[in-house]
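Q: Now for the letters of each chain:
There are 2 protein chains.
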Amino acid sequence: MSSEGAARDGKVTIRTVAEDAGVSVAAVSKVLRNAYGVSDAMREKVQESIARLGYRPSTAARGMRGRTFSIGVLLVEMRNPFLPSLMDGAKEVLREASYQAFISVGEARAAIERSLIDSMIDLQMDGVILVAPRLSGELLARYAKQIPMVVIGHHEPGAEAFDTVNSDDRTGARMAVESLIAGGREDIQMASLPRKNGEFDVYVERERGYYEAMEAAGLGDRAKVWPLREQPERPGPALTGLLDLDPLPEGIFCWSDIHAVRLLNEAKMRGIDVPGRLGIVGYDNTPAAGLPLVGLTSVDQRGEEIGRLAADVLLSRIGGRQVPEHILVTPKLVTRGSS
Amino acid sequence: MSSEGAARDGKVTIRTVAEDAGVSVAAVSKVLRNAYGVSDAMREKVQESIARLGYRPSTAARGMRGRTFSIGVLLVEMRNPFLPSLMDGAKEVLREASYQAFISVGEARAAIERSLIDSMIDLQMDGVILVAPRLSGELLARYAKQIPMVVIGHHEPGAEAFDTVNSDDRTGARMAVESLIAGGREDIQMASLPRKNGEFDVYVERERGYYEAMEAAGLGDRAKVWPLREQPERPGPALTGLLDLDPLPEGIFCWSDIHAVRLLNEAKMRGIDVPGRLGIVGYDNTPAAGLPLVGLTSVDQRGEEIGRLAADVLLSRIGGRQVPEHILVTPKLVTRGSS
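Residue numbers (the UniProt record's numbering), protein chains in the order written: chain A, 1 to 339; chain F, 1 to 339.
No wet-lab data here; the hints were simulated from the structure.
Treat the hints loosely; a few may be bogus.
Any copy will do: because identical chains look the same in the list, a pair fits if it lies in one copy or spans two.
[To be verified] Pairs of lysine-lysine, DSSO-like flavour, derived with a Cα cap of 30 Å:
(1) Lys30 to Lys332
(2) Lys45 to Lys332
(3) Lys268 to Lys332
(4) Lys30 to Lys145
(5) Lys196 to Lys30
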C-alpha cells in the first residue's frame with residue numbers, strides 16, 4: 001500500500017520507509033544511524049523496506065543526531081480561514097523532507113505563546129514556524145537562539161536571529177484601495193485594529209498601503225482609519241457602526257475578510273446598494289468571500305506560497321544557514337461583486 | 001543579583017529564577033506547569049526572569065516524572081469549521097490541568113494518520129485525541145495500548161481499549177429530517193458520503209437517523225441517500241447535480257454544512273425558492289450557516305461540549321482509569337430561513 005504511495009508521488013522518503021515497514025520514523029532513523037537499542041527483527045524489517053523501495057537516505061537524514069523530525073507551528077487562532085492554505089503549503093514542503101508539523105494555538109496572548117514555544121523546545125522539536133505572534137521582536141530573537149525559527153505575519157526585515165516570510169501587505173492594501181478609487185470613489189475609509197505589537201503587525205503595513213494609495217490619488221486628507229475590535233461579534237467599537245456614519249463612506253477597505261464578510265452581509269441586509277453606493281474590499285480571500293451570495297472582492301495573500309517558503313527557509317536554517325532571510329510574497333486582488 | 005549567582009556556579013535553577021523574579025519557588029513551578037490560578041502579572045514576571053537568565057526547565061525539574069504535559073490531537077483536516085469549537089472546549093479543560101495541545105492533520109489518509117500517531121508516541125506525548133480518524137477500530141485498539149486515547153467522531157460503543165465521545169448523530173439527523181417533514185415535505189433526500197471506514201463514521205449514523213425519521217413518517221419508500229464526493233469543489237458525482245433532479249426533491253438533508261452551504265448558495269443563485277420549493281438542512285452549525293445572507297438551518301453538535309468531555313475522559317484515562325467510557329452528546333437544531 002505504501003509502496004504504491006511511493007510510486008505515486010515518485011519520492012521515497014524516510015517516512016515512506018517507515019510506513020512500508022510498519023514502524024515509526026524514529027525507528028527507521030535509529031536503524032540508519034545504527035543506534036543502540038534496535039532489535040535485529042526491527043533492523044531486518046527496515047532494511048527490507050529500504051531495499052524494496054530503493055531508498056537513499058539524504059546526508060541530512062544520515063547525519064541526524066537526535067532530530068525528532070517534528071516542527072512546531074504556533075498559530076494565533078484556528079478560525080482565520082487563511083491558515084489552512086498556509087498549512088497546506090508548509091506541510092507539502094515538510095512532508096518531502098520527512099518532517100511533521102504540530103500546531104498549537106496561542107490565542108493572541110503573549111504568556112500562552114511563550115509557554116507553548118517553551119513546550120516545543122522541551123519536546124525537542126527541530127524548529128518552529130510562528131504565525132503572527134504577539135511576542136516582541138526582542139523576545140523572538142531570544143527564542144531564536146534556542147530553536148531555529150521562521151516568523152510569518154511579522155514585518156521585521158532587520159531581524160538577525162530568525163527569518164520572516166510575509167505577504168507584501170503594503171502592496172496588497174494599495175491594490176485594494178486603488179481598485180476602490182478606480183471605481184470613482186473618493187471617500188474611502190479603512191477598518192483596522194488597535195495597535196498591539198508595535199510596528200510589526202500585518203494591519204500596520206496594510207494601513208501604510210492604504211495611506212499611500214490615498215495620497216497618491218490626492219485623497220490624503222480624506223483618509224480615515226478605524227481601530228476596531230478584532231472579533232466582530234464581541235462588544236466594543238462596532239464594525240457595523242461604520243454603516244451608521246453620516247455621510248456613509250463610498251468605500252470601505254477592511255484589513256481582513258473576518259471584518260469584511262460581516263460588513264458586507266450587514267450592508268446588504270440593510271438594503272445598502274453594494275457596490276453602487278458602497279464598495280467593500282477585504283483581505284485574505286477566504287472561502288466565505290467566494291460564496292456566490294457573498295461575492296466579496298478581496299486580496300489573496302497566496303497563503304500556500306507563503307507556507308511553502310516558510311518551510312523552505314526553516315529547513316535551510318535547521319540545515320545550518322546563519323544569514324537571515326526576509327521574504328515578501330506579492331499578493332493579488334480577486335475582484336468580485338462588492339467593488 | 002541572582003544573575004550573578006547564576007554566573008557564579010554556572011547553573012541556573014528554579015531557585016535562581018525565583019530569586020530573580022522575587023517570588024517563591026512554588027510560584028515559578030506553577031508558571032512552568034502553566035497551572036491554573038497564576039495571575040498574568042506573576043506569569044509575566046517569572047517568564048521575564050526565565051528569558052533573561054536563559055533558564056531551561058528540564059522535565060525532571062518540572063516535577064513531572066516523565067510526563068510531558070502535552071496532548072496530541074489528530075484532526076482529519078483543518079477546514080471543517082466544527083473543529084475550532086471542539087478545540088476551544090478541549091483546551092479549556094487541558095489548560096486547567098496544565099496540559100498543552102499539539103494538533104496534527106492526517107488529511108483523511110490512513111498512512112499519514114499512522115505516522116502522526118507514531119510521532120506523538122515518539123515525542124512522548126501523554127495522550128491523544130483523535131478526531132474522525134480513518135483507521136480501523138482494530139488498529140485504534142492496538143495504538144491505545146501504547147498511548148491513552150479518546151476518539152471523537154467514531155461510533156464504536158463496544159471499544160474496550162479507548163474512550164469515545166460523539167455527537168448523537170442519529171438523533172441529530174432525525175431532528176433535521178423531522179423539521180423538513182413538519183414543513184409538509186415528503187420527497188426528502190439526503191446528501192451523504194461514500195462508505196470509507198465501515199460502520200463507525202458519523203455520516204453512517206446520520207444516514208440511520210434519516211431513514212428512521214422517514215420511516216416513522218411513513219415515507220420509508222421515498223428515502224434516497226446520495227453518496228457524494230467529500231470536497232464539493234473536486235470532480236466527481238456533483239452535489240449541485242441534486243438541483244438538476246427532475247422532479248426536484250422538496251427537501252434535502254446534507255450530512256454536513258460543507259455541502260449544505262454550497263447547495264443553498266447554488267439553489268438561490270438558480271432562483272429556486274428556498275424554503276418554499278426546496279428546504280435545506282445542514283449539519284454542524286458552522287459560522288457560514290449563520291451569515292444573514294446564507295441563513296442555513298443546521299444541527300449544532302455542541303462541539304465545545306464534545307471537546308470538553310473528550311479532554312475530561314482522556315485525563316482520567318491518563319490518571320489510570322481502565323474501564324472504557326463512551327459518551328453521546330445530544331445535539332440541537334438551529335432553525336434559520338432555509339427550512
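Q: Next, verify each hint and record whether it holds.
A: Verification of the hints:
1. Lys30 to Lys332: The answer is neither: 39 Å in one copy and 47 Å across copies each exceed 30 Å.
2. Lys45 to Lys332: neither (45 Å within a copy, 43 Å between copies)
3. Lys268 to Lys332: This pair counts as both: shortest intra-copy Cα distance 25 Å, inter-copy 29 Å.
4. Lys30 to Lys145: both (27 Å within a copy, 23 Å between copies)
5. Lys196 to Lys30: between (45 Å within a copy, 27 Å between copies)
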